[in-house]
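Asks: Chains as they are written, first to last, in numbering that gives the first Met the number 0: chain A, 0 to 221; chain B, 0 to 221.
These aren't lab readings, by the way, just hints derived from the structure by calculation.
Given the structure is predicted, the values throughout are model-derived calculations rather than measurements.
Some hints here could point you the wrong way.
If you anchor each label on the Cβ, the simulated ranges turn out as follows [stated by the list, open to error]:
id, chain 1, residue 1, chain 2, residue 2, range
1, B, R213, A, A102, 56 to 64 Å
2, A, A66, B, G198, 46 to 54 Å
3, A, L167, B, A103, 35 to 43 Å
4, B, L182, A, N85, 16 to 24 Å
5, A, A175, B, L174, 45 to 53 Å
6, B, R213, A, G87, 52 to 60 Å
Note that beta-carbon positions come from the ideal geometry of N, C-alpha and C, so glycine has one too.
The chain contents come next:
There are 2 protein chains.
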Amino acid sequence: MEIKVGTNILAANDAIAAENREAFASHRCFAVNLVSSPGAGKTALLERTIEALHARLSLGVIEGDIATSLDAERIRRHGVPAVQINTGGGCHLDAYMVSRALAALALASLDVVFIENVGNLVCPAEFDLGEAAKIAVISVAEGDDKPLKYPVLFREARAVVINKIDLLPYTDCDLARLRDTALSINPALAVFEVSCRTGEGLETWYRWLADSAREWASSITP
Amino acid sequence: MEIKVGTNILAANDAIAAENREAFASHRCFAVNLVSSPGAGKTALLERTIEALHARLSLGVIEGDIATSLDAERIRRHGVPAVQINTGGGCHLDAYMVSRALAALALASLDVVFIENVGNLVCPAEFDLGEAAKIAVISVAEGDDKPLKYPVLFREARAVVINKIDLLPYTDCDLARLRDTALSINPALAVFEVSCRTGEGLETWYRWLADSAREWASSITP
């Protein structure tokens with residue numbers, strides 16, 4: 000007898016992810032799963048995005064971390080509800096953790112829920128959380144070969160936010176090569192080139208996000 | 000009945016890691032396991048270290064990646080034997096993969112074997128490969144809170160190489176805070192502040208590495 004642990008774990012996860020997806024849909028709440036390496040700037044992107052959009056959209060955040068609640072504290076300073084999940088060593092969020100966090104968020108009153116995954120370019124790409132869109136965030140400081148070396152996330156993602164473009168003059172990263180490599184893996188990717196530090200390029204991202212949330216909500220049949 | 004999958008996997012891994020450790024010891028070959036986020040600069044650090052040390056030490060490299068053999072090709076250009084392991088989606092190297100790679104390296108003729116793990120700050124920290132020392136590499140572009148958020152690696156490591164200090168003027172990273180946070184988790188850490196781009200700070204790292212290899216080899220009882 001062979002026990003297919005990996006397959007069973009993913010099947011159990013997918014069943015709960017489907018329930019989460021139904022919960023998000025029933026409240027017309029657009030769920031975004033942000034995935035990146037540690038330190039690519041997911042939290043900074045969230046802070047900027049909240050400041051830009053919270054006047055016209057009602058936002059909530061689920062923060063995933065192995066330890067600490069530093070990120071949830073950063074988010075709450077912007078007046079947005081944030082639920083912290085500590086995975087206690089776990090290298091990714093799974094659908095069950097998110098289902099528990101959803102109980103602490105008033106979904107009915109939210110237009111968009113951001114789920115900030117554990118900083119890890121590998122494992123989070125494999126676990127469906129019930130989100131409407133997976134977004135890859137990558138920093139130019141990581142180098143332009145990363146989509147080739149970590150292809151699964153870029154295949155699964157709807158968009159990639161290339162962050163820290165203000166560092167381009169001081170690194171060997173070739174921005175065009177980074178963008179083309181990501182698109183060679185997934186030609187449907189929306190690509191945004193931004194600096195969360197200077198604000199450059201973020202307007203296009205805000206617009207795409209708000210448009211995507213609206214289009215998704217209007218596609219839901221009640 | 001409860002199947003403790005995690006425990007069993009780690010026990011099986013530890014048994015093979017012990018065999019690897021014995022193989023390294025029998026050849027007085029110092030094994031170094033490099034762990035970092037994607038893009039922190041492990042391969043660049045290896046390239047610099049090889050250039051600095053290969054005249055006086057015989058070096059070999061095991062390259063771990065999910066996909067591609069880009070890094071092994073970079074290493075071979077420096078005239079050093081490099082074995083590529085592709086994990087095929089796996090988020091870390093394990094002791095079995097390393098044992099297979101060892102068969103392709105002439106350990107008896109090597110003083111130091113570097114094992115470059117998959118770019119991941121989480122999972123590789125949990126898997127013993129049979130190395131003599133685990134080295135954490137972190138880039139200042141990742142921010143100064145990373146040791147707090149990913150503590151396991153910093154607890155397990157013998158040293159941390161803080162890379163890309165040439166980017167400090169252009170980031171919000173507080174170098175002293177990064178160093179102190181790492182040391183608060185593991186006061187025994189050797190800390191190196193370097194730039195693999197400019198070469199700054201690397202001499203101290205080379206010296207520490209060569210000294211550590213020599214001390215370790217002389218501590219082995221035949």
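Asks: Now tell me if each hint is right for this structure.
Replies: Evaluation of the provided hints:
Separation of B/R213 from A/A102 is about 57 Å and conforms to the stated range, judged on CB atoms against 56 to 64 Å. Judged by the Cβ atoms, the range 46 to 54 Å given for A/A66 and B/G198 is violated: they are separated by roughly 34 Å. For the pair A/L167 and B/A103, the supplied restraint of 35 to 43 Å holds, since their beta-carbon distance comes to about 39 Å. Distance hint check: the CB atoms of B/L182 and A/N85 are about 23 Å apart, consistent with the given range 16 to 24 Å.
At about 31 Å, the CB distance of A/A175 to B/L174 disagrees with the hint of 45 to 53 Å. A beta carbon spacing of about 39 Å between B/R213 and A/G87 contradicts the range 52 to 60 Å that was offered as a hint.
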